[in-house]
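**Q** Residue numbers (numbering that gives the first Met the number 0): 0 to 137.
Hints listed in this document are in silico derivations from the structure and should not be mistaken for laboratory results.
Remember, it's a predicted structure, so these values are computed and weren't measured experimentally.
All residues carry an ideal CB built from backbone N, CA and C; glycine is no exception.
Honestly, I wouldn't trust all of these hints.
Each pair of labels, with its calculated beta carbon distance range [as the list claims (entries may be wrong)]: (1) D70 <-> D100: 12 to 20 Å; (2) G121 <-> G82: 23 to 31 Å; (3) R123 <-> G82: 18 to 26 Å; (4) F24 <-> L94: 35 to 43 Å; (5) R55 <-> R95: 25 to 33 Å; (6) R55 <-> L94: 29 to 37 Å; (7) T57 <-> R106: 20 to 28 Å; (8) R48 <-> Q97: 15 to 23 Å; (9) Y62 <-> T90: 45 to 53 Å; (10) I83 <-> Q28: 36 to 44 Å; (11) R95 <-> I56: 43 to 51 Å; (12) Y62 <-> V99: 24 to 32 Å.
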Amino acid sequence: MPASALKAAKAKPAPRRAAGRPRRFTHEQIVQAALAVMEREGFAALTIRALADELRITSSVLYNYFERIEDIETEALQQLAAGIPTPKPGTPRELRRQLVDCMLIVRNILIRHPGVLNPPMGSRAWDTFTEVAVQWVL
Numbered sequence: 000m001p002a003s004a005l006k007a008a009k010a011k012p013a014p015r016r017a018a019g020r021p022r023r024f025t026h027e028q029i030v031q032a033a034l035a036v037m038e039r040e041g042f043a044a045l046t047i048r049a050l051a052d053e054l055r056i057t058s059s060v061l062y063n064y065f066e067r068i069e070d071i072e073t074e075a076l077q078q079l080a081a082g083i084p085t086p087k088p089g090t091p092r093e094l095r096r097q098l099v100d101c102m103l104i105v106r107n108i109l110i111r112h113p114g115v116l117n118p119p120m121g122s123r124a125w126d127t128f129t130e131v132a133v134q135w136v137l
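Model the full assembly from the supplied sequences, consistent with the hints where possible.
**A** And the structure:
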């Protein structure tokens, strides 16, 4: 190694590696797996055990990513809701067009994810679902 390269290597410390094993999954992958479980078996079927089975891991591994199943449910609903635009004030014709477009998007989400949009009333996921609905009313 040339002296200049050796000097440069000494000047920059190597980046530190996080302790422990590298993560196998991203939050996005876990949320997608949760959506798959809910689509196939319904909202109520999503449990830590069912999600772990979907990902082919042990239940305890999921707690390294999320504290509770409700957090996963909420993120899944937020991800679906993020694709629904909120109508903006405009002329009646513009507003009508926006509402039609939004309803078509909601329809497509319901077709793609039929078992997802019925969280238990009073749950954190229900609260997320309600927050999205309130955006439409106000």
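**Q** Hint by hint, note whether the structure agrees.
**A** Here's how the hints hold up against the structure:
{"no.": "1", "hint": "D70 <-> D100: 12 to 20 Å", "verdict": "violated (31 Å)"}
{"no.": "2", "hint": "G121 <-> G82: 23 to 31 Å", "verdict": "holds (25 Å)"}
{"no.": "3", "hint": "R123 <-> G82: 18 to 26 Å", "verdict": "holds (20 Å)"}
{"no.": "4", "hint": "F24 <-> L94: 35 to 43 Å", "verdict": "holds (41 Å)"}
{"no.": "5", "hint": "R55 <-> R95: 25 to 33 Å", "verdict": "violated (48 Å)"}
{"no.": "6", "hint": "R55 <-> L94: 29 to 37 Å", "verdict": "violated (47 Å)"}
{"no.": "7", "hint": "T57 <-> R106: 20 to 28 Å", "verdict": "violated (38 Å)"}
{"no.": "8", "hint": "R48 <-> Q97: 15 to 23 Å", "verdict": "violated (42 Å)"}
{"no.": "9", "hint": "Y62 <-> T90: 45 to 53 Å", "verdict": "holds (51 Å)"}
{"no.": "10", "hint": "I83 <-> Q28: 36 to 44 Å", "verdict": "violated (23 Å)"}
{"no.": "11", "hint": "R95 <-> I56: 43 to 51 Å", "verdict": "holds (48 Å)"}
{"no.": "12", "hint": "Y62 <-> V99: 24 to 32 Å", "verdict": "violated (43 Å)"}
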